[in-house]
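Student: Sequence:
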Amino acid sequence: MHRSLLSVMQPYLMPHSVCWASAPGLIWTMVVTNLITFLSYLTICGTLLFLVRRTRKVIVRDWAYFVVGFALFILACGSTHLLEVITTWNPIFWVDAWTNIVTAILSAYVATMLIGRVKNISFGINDYAERLTNTESEKLRMQERLLAAQKLEDWSRMSAAVSHEIKGPLQAIQNLQYLIGTSEDVSPQIAELARLSGEEAERALAISVATLSYFRQGTQLELTDLSSEADSVRILLAPLIRKKGIDFRIEHRGDCSVKASPGEPRQVLLNLIRNACEAITGRDTRVTVEILGAEAGVEVVVTDQGSGIDPEILPTLFNFGSTTKGMGGNGMGLWTVKHILNKHQGDVKIQSTRNEGTRVQLWWPRTPFTFPGQNVPQ
Numbered sequence: 279m280h281r282s283l284l285s286v287m288q289p290y291l292m293p294h295s296v297c298w299a300s301a302p303g304l305i306w307t308m309v310v311t312n313l314i315t316f317l318s319y320l321t322i323c324g325t326l327l328f329l330v331r332r333t334r335k336v337i338v339r340d341w342a343y344f345v346v347g348f349a350l351f352i353l354a355c356g357s358t359h360l361l362e363v364i365t366t367w368n369p370i371f372w373v374d375a376w377t378n379i380v381t382a383i384l385s386a387y388v389a390t391m392l393i394g395r396v397k398n399i400s401f402g403i404n405d406y407a408e409r410l411t412n413t414e415s416e417k418l419r420m421q422e423r424l425l426a427a428q429k430l431e432d433w434s435r436m437s438a439a440v441s442h443e444i445k446g447p448l449q450a451i452q453n454l455q456y457l458i459g460t461s462e463d464v465s466p467q468i469a470e471l472a473r474l475s476g477e478e479a480e481r482a483l484a485i486s487v488a489t490l491s492y493f494r495q496g497t498q499l500e501l502t503d504l505s506s507e508a509d510s511v512r513i514l515l516a517p518l519i520r521k522k523g524i525d526f527r528i529e530h531r532g533d534c535s536v537k538a539s540p541g542e543p544r545q546v547l548l549n550l551i552r553n554a555c556e557a558i559t560g561r562d563t564r565v566t567v568e569i570l571g572a573e574a575g576v577e578v579v580v581t582d583q584g585s586g587i588d589p590e591i592l593p594t595l596f597n598f599g600s601t602t603k604g605m606g607g608n609g610m611g612l613w614t615v616k617h618i619l620n621k622h623q624g625d626v627k628i629q630s631t632r633n634e635g636t637r638v639q640l641w642w643p644r645t646p647f648t649f650p651g652q653n654v655p656q
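All residue numbers for the sequence shown refer to the numbering used here, where the first residue is 279 and numbers rise by one.
By construction, these hints were calculated from the structure, which means they are not laboratory data. Note that CB positions come from ideal geometry on N, CA and C, so glycine has one too. Honestly, I wouldn't trust all of these hints.
Beta-carbon label-pair distances, calculated as ranges [stated by the list, open to error]: (1) D509 x K627: 21 to 27 angstroms; (2) Y456 x N597: 39 to 45 angstroms; (3) E470 x R644: 28 to 34 angstroms; (4) I337 x V310: 34 to 40 angstroms.
No more than 30 angstroms apart at the CA atoms, straight line, and that leaves these computed lysine-lysine pairs for BS3-like [as the list claims (entries may be wrong)]: (5) K522 x K627; (6) K417 x K621; (7) K616 x K537; (8) K627 x K537; (9) K537 x K621; (10) K616 x K417; (11) K616 x K627; (12) K621 x K521; (13) K616 x K521; (14) K627 x K417; (15) K521 x K627; (16) K397 x K522.
Go ahead and model the full structure; you've got the sequences and the hints to work with.
Tutor: In structure tokens, the structure reads:
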């Protein structure tokens with residue numbers, strides 16, 4: 279029976295036997311390529327086992343078993359190629375068969391483990407990609423902050439130089455306004471205007487002096503009435519208010535006085551109220567300044583019915599160099615407001631709706647933080 283089956287199958291085995299018998303070059307091609315494949319699989323297996331050993335303190339045990347099983351599967355695959363070489367001259371086909379059985383078992387184990395980990399692997403890849411994206415975003419944010427810091431440093435040097443140079447002209451204006459106001463043949467109205475302009479020149483001089491040491495805290499705090507400061511800002515902006523036909527209102531209740539560095543409350547209110555007036559596009563549109571004195575501090579709310587602010591610009595308004603005025607702005611007004619209020623432990627918030635208006639709310643504590651060497655009036 280065995281011989282009859284062999285005689286039947288022999289014609290189908292003839293091509294294979296002819297190749298092995300008549301093509302020694304093919305034999306050595308198979309031997310060399312199978313040896314290279316085996317050595318490659320052996321190297322991969324060793325590398326994976328070394329990796330598990332080096333990461334055993336951080337890798338999860340379940341994942342370590344998976345990697346070890348995968349390494350053994352790679353080794354089993356390589357062993358089948360090694361036996362291809364051995365059985366070329368030594369017909370130990372049962373060893374070859376058992377090697378294939380072990381390889382099949384390990385293949386099933388690895389496939390099952392891999393299917394069970396597809397979700398975790400996909401999550402890990404996506405998480406890594408997201409972290410990589412966040413890393414790039416954080417890098418861009420750091421570059422933006424470095425650029426802003428460089429711009430701030432350049433502006434500080436420039437402003438110090440400019441402030442130093444304008445002190446002389448401001449003092450000359452003060453002197454001239456004093457001479458005009460005290461002249462005998464000047465009308466009371468002109469004398470009053472000269473007095474007011476002299477006071478404004480004095481405030482501008484105080485701001486100039488403060489700018490020379492902008493990042494150093496002042497040595498003297500003074501009691502300032504924010505409602506009076508708002509009235510003086512209205513006088514300064516009167517030409518703009520009349521030109522645009524703005525319905526400008528100031529409402530105040532309670533004690534509106536705070537302790538602050540000279541000139542800084544005026545600087546804050548001037549920036550906020552001027553922005554509100556400049557945002558107005560139609561006549562008979564209202565700008566309201568509400569000042570409410572509370573026990574802990576003073577709240578100021580500046581509301582306008584202007585053009586509003588784009589939502590994408592709103593989060594960056596207090597950044598140095600950020601502006602809504604295009605080429606007409608320098609991006610330092612709101613940054614200065616934020617800096618001054620932070621220095622006095624205050625706060626400022628902005629709410630705005632496009633084409634409906636803007637509401638700016640600031641809080642100025644009645645008892646400021648005392649800096650070293652700073653005198654606070656009682």
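Student: Are the hints correct? Go through all of them and say.
Tutor: Status of the hints after comparison with the structure:
1. D509 x K627: 21 to 27 angstroms: holds, 24 angstroms
2. Y456 x N597: 39 to 45 angstroms: holds, 41 angstroms
3. E470 x R644: 28 to 34 angstroms: Holds, since E470 and R644 (Cβ atoms, about 32 angstroms apart) stay within the stated range.
4. I337 x V310: 34 to 40 angstroms: Distance hint for I337, V310 holds at roughly 37 angstroms.
5. K522 x K627: holds, 26 angstroms
6. K417 x K621: With a Cα-Cα distance of about 29 angstroms, the restraint between K417 and K621 holds, given a limit of 30 angstroms.
7. K616 x K537: Distance of about 17 angstroms is within 30 angstroms: holds.
8. K627 x K537: holds, 21 angstroms
9. K537 x K621: holds, 12 angstroms
10. K616 x K417: Status holds; Cα separation ~25 angstroms.
11. K616 x K627: Distance ~9 angstroms between K616 and K627 Cα, so the pair holds.
12. K621 x K521: Distance ~35 angstroms between K621 and K521 Cα, so the pair is violated.
13. K616 x K521: holds, 29 angstroms
14. K627 x K417: Cα-Cα ~28 angstroms, so holds.
15. K521 x K627: holds, 28 angstroms
16. K397 x K522: violated, 64 angstroms
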